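K.L.:
Letter by letter, the chains look like this.
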Amino acid sequence: MTVKTATPAAASAAMTRPPSAPRKKKSWTGLWFVLPFVAFYALFLIWPTFLGLYYSFTDKSLTGRPASWVGLDNWVEAFGDERAWNALVNTAEFTLYSTPPLVVLAIVFALLVNRARKLGWFLRMAFFAPFVVPVSVVTMIWMWIYQPEGGLLNHYLQLLGLQDASAPTVWYQGENGMAMWSVVITTVWWTVGFNFLLYLAALQTIDPSVYEASSIDGASWWRQLWHITLPLLNRTTAMVIVLQLIASLRIFDQMYIMTGGGPNRESEVAIHYIYIAGFEGYRIGYASALSYVLFILILIISIFQFRLFSRKES
Amino acid sequence: MTAAQATSVAATPTEPRTIRRRFRRPSVGAVIVYVAATLLAVFWLLPLLWALSTSFKTETEASLGQDIHWWPETWSVEGYKVLFERGDHFTWMLNSTIVSVIVTVLTLVLCVTAAYGFSRFDFPAKNVLFGAIIAGLMVPGQALIIPLFDLVNALHMGGTYWGLALPQVVAPVMVFILKRFFDAIPKDYEEAAKLDGAGHFRVLWNVILPMSGPIIAAVAIFTFIGSWNNYLWPLLVASDPSMMTLPVGLQVVAGGYGLFYAQNMAAAVLGAAPLLIVFLIFQKRIVEGVAGVGLK
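Protein chains in written order, with full-length UniProt numbering: chain A, 1 to 314; chain B, 1 to 296.
Because the hints were derived from the structure by calculation, they are not lab data. None of the values given here were measured: they were computed from a predicted structure. Glycine included, every Cβ here is placed at the ideal spot set by N, Cα and C. Among the clues, some could well be false.
[As the list claims (entries may be wrong)] Here are the computed lysine-lysine pairs in the DSSO-like style, where the Cα-Cα straight-line distance is at most 27 Å:
hint, chain 1, residue 1, chain 2, residue 2
1, B, Lys194, B, Lys126
2, A, Lys118, B, Lys284
3, B, Lys187, B, Lys126
4, B, Lys126, A, Lys26
5, B, Lys194, A, Lys26
6, B, Lys187, A, Lys26
[As the list claims (entries may be wrong)] Chain B side only, calculated, beta carbon under 8 Å to chain A, not exhaustive:
hint, residue
7, Gly29
8, Cys111
9, Gln142
10, Pro147
11, Ala184
Here chain B stands alone, though its shape is the one from the complex (with noise of 0.2 Å):
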């Protein structure tokens, strides 16, 4: 019975007016705007598939002087291979790997905790420090790198994981962010919980992060796309190549390789692809937390 009255549903007389809705004359505004993003879009693409296209195709034919072809006349992975035979393309992805997540774990950690002290509790010396926090936002970090490259090698970090990720770490921004965030959550939440025994640690965890989802996706995203693509510090702080990280790598170490156009596009689509599916699978979360972010 059910589906005799989908059925009858589906051919009801209204089909043929959504039919119609559906070929509506779109209006030539519509289309010029549809238009018009579609050709920016590809446009702004053209370099990443040029790399992409370049990658597969064999030393020869992407060879400078050649003609140039968008397709590859004949497809080859020599490029990758070389890469992978290599390996030190790897060595750098895990260093990235390491750093990055070291730097994204210390500041979550570090600025929500941070952020929650500041948002509910009263405590001495509370605008002195939120203060000086403030003013760390003005700070460029660039213009620390002598003084920080000093301290590094007086801690005795020059070269390692912690040397590069820990000077990354400090985000007075992202304090700043989160705060603002926690500050905007009715406090009712809370109290409900603490009636029920809940510690101050239990609240941050079960009912504050639960409601900030979009905030800290957002704050960890661009922390480790920062982090990812910091270039100025692990050039000065891993001048061994087994300590570098991906951008220092690939332009130190393998720039040094000569003009083999395949395999340096093949490096390319591999150093470009982790940080592309990321934002690929967390596309929407970026976006809602741009907006969450509140920079509006």
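Okay, chain A solo, but in the shape it has when bound (with noise of 0.2 Å):
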């Protein structure tokens, strides 16, 4: 019986199959496979996205008080407010000294180190060892470089006889955009390994047969990195680029480390001021919309994350 009963089901199934064939069947076991990694990602992602814009257009506390609804206050005040823009504009600053270093010496590393392929693993080593260090070990070593008395970076600026020794600095709190410029200088060293990185493993893809028509011609070296390599490398370019700026723009923990936002804000950069207002003015709501203000902007950079992301994909 339980024979019979089968036997249509599979006759049915071997009728449709053939003319469908390459054709995947829906079913509900892909779903199974997918489903843990989407309930994690709707409680840890989504829900809390729109948590947060619901929380904008509130009053919640951290002190836990009950929230009321506030229409557009906040954002209303997050647009009028010197200290957000002042912290924005300290965050474009940074994004902006910060970014061309990362990317240029990022490729210089990886061509030096493909060139001298002999000394491969060390350089590897050097150049990406920053990058695994833990930030407050970063900024520990670094505030001590930067040291008045006995920091490396005073000590042998008066040595060149660039610096008064009478009247040492405190880079990493010196106004003028000192400060914001050391913290430049201890990001560049601690992160271009990852940049590195990536411009390396797009370097060794590269065969080396597109250079032996432009080497028998003798072209320099110079020639063949301007019209051969970068070229090559342009998508590795922009890549590179797009992640940069989303990660400098979310600049927070070397910053609030070493400069605390000082001297007189002139770092206090934009996920300073959302840390600031949201868990040192338990003002939640308040926090949530400059929150949205920083999301949007990155949104606008992650399309472009995006469409290279996708490109490569079709």
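Dock chain to chain to rebuild the complex, using the hints, since each chain is given by itself in its own frame.
P.N.:
So this is what it looks like as structure tokens:
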């Protein structure tokens, strides 16, 4: 009996399969594979995204008192808040200063390592190693390097006669952008290794034969770099710049630890101000509106990232 | 006889030529490249070497206002001894390890299964779900800290390992990268396995995973580095020093012990060492993985 009921089903399956053989059958099996991730994703990414948007229209507080709807009040306040604009400008400044060296140095390092193959192991280690060091260790080391007395930087600057020994500087607390630049230098040292690896990986996929014709023509190394290597790296460069812009706009850790936003809020960045508004000022609603302003900015850049990714896909 | 052959081979007239080739004058360009690369690399390592050298100095020699020696005048492990006696450094290290392992294992399990599901099956709402995950690529984690903080407290996970780890697990970019890699694996292998009666999980485990070594290694290593070095999230969630991770504990608590430079640099060296060692071991894998991620 079981055989009888099974046969028509098998027969019909056999009949329908041949014409549509290449097409995959819709089934629930695949859903079980993606469901665990989707559940996590919904809980820890989608839900907070909408929750944050909702909070931005309320006066929710960290103190836990009941929140009430305040409409666009937080948003209006955010756009009129000088301290928020200052934080945004500082973030933009940091992004503007840090992105070019983080891209250019990455290319230089990758080109050198790609040529100096025999030292490959040592060079890769040297340029990438700082990237795996925790931020507090990085700031610990660099804040000491920037110290006025016995700090490496001032010591050598004085030896070279570039700085007055009687008026030593605490670099990361200096005014007129010194604090900001100190963090930029530290950040470049710390994170350039990642971009370097992306470039190195891309360089190593370039087929050496593309250089052959131009070598025969006697093209100089410099010409090959400008006319062959760099154009071949265009996609990598686009990717690195976009990833770097997003990372730089999210600057917080090292700036917060080293400068604390000082002096006179010269180096107070966007996420730092969100942190201050939310966790020191207890104003979750307002901090959520601020987060969304930053979110939208990063979103615009991410759209470029997404387009880069999907072009690769197609 | 083979030995005689070997010596005769070694003594063949080709020997002078190989020697000559070995001592061939390298081109000026190559010399410049090697010298420049070495100088830059050493320069790049100076901050780490400086920390290492200071960690072995006495506190007097290390303190501010002293002359700068790159080589300690008197070697001392005082800085390390203080750290071991105090012990909190190792609590944070343990916490960091626990959190990073949870994050890495869960990320791998969830992202690999999801990527396999999206790559190999057709199911209801597939496109909607995948579209939602792609959209998630654009959401910056830091913009979510406030609602996430609220959520984790509502789930009573504040100050726990789960509260520290779970919000770091969601990584749409990893699903995307893995799916793209799985898509490129020919289906013939799994069809052969299925003919042998293997189920979907066996196919994933025995066919797909062994062919995805470098990409899985890259995802695991970058997830681990990201989690180990995460600062803002643990700063918010772990207020109790016994639950802090290494980056937070070093900065918040150890920063308060005062300016003992030898001791601070010993902490810095011990804080940097674990991942540096992991990186040195898996260096080749990491570079291969980055290449495999296809960001070219």
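K.L.:
Give a verdict on every hint.
P.N.:
Structure-based check of all given hints:
Using a Cα cut-off of 27 Å, the hinted pair lysine 194 of chain B and lysine 126 of chain B holds, with the two alpha carbons roughly 23 Å apart. Distance restraint check for lysine 118 of chain A and lysine 284 of chain B: the Cα-Cα separation of roughly 14 Å lies within the 27 Å cut-off, and the hinted pair is therefore satisfied. At roughly 20 Å between alpha-carbon atoms, lysine 187 of chain B and lysine 126 of chain B fall within 27 Å of each other, so this suggested pair holds. This hinted pair checks out: lysine 126 of chain B and lysine 26 of chain A have alpha carbons roughly 10 Å apart, not beyond 27 Å.
Simply put, lysine 194 of chain B and lysine 26 of chain A have alpha-carbon atoms about 18 Å apart, close enough for the 27 Å limit, and the pair holds. For the hint pairing lysine 187 of chain B with lysine 26 of chain A, the CA-to-CA distance comes to about 17 Å; that is within 27 Å, so the pair holds. Because the beta carbon of glycine 29 of chain B sits about 6 Å from the nearest beta carbon in chain A, less than 8 Å, this interface hint is met. The beta carbon of cysteine 111 of chain B comes within 6 Å of a beta carbon in chain A, closer than 8 Å, and the hint placing it at the interface holds.
Evaluation of the glutamine 142 of chain B hint against chain A yields a held restraint, the C-beta minimum of about 5 Å falling below 8 Å. Interface restraint check: proline 147 of chain B against chain A, minimum CB-CB distance 4 Å, threshold 8 Å, status holds. For alanine 184 of chain B, the interface hint is violated, the least distance from its beta-carbon to any beta-carbon of chain A being 11 Å, above 8 Å.
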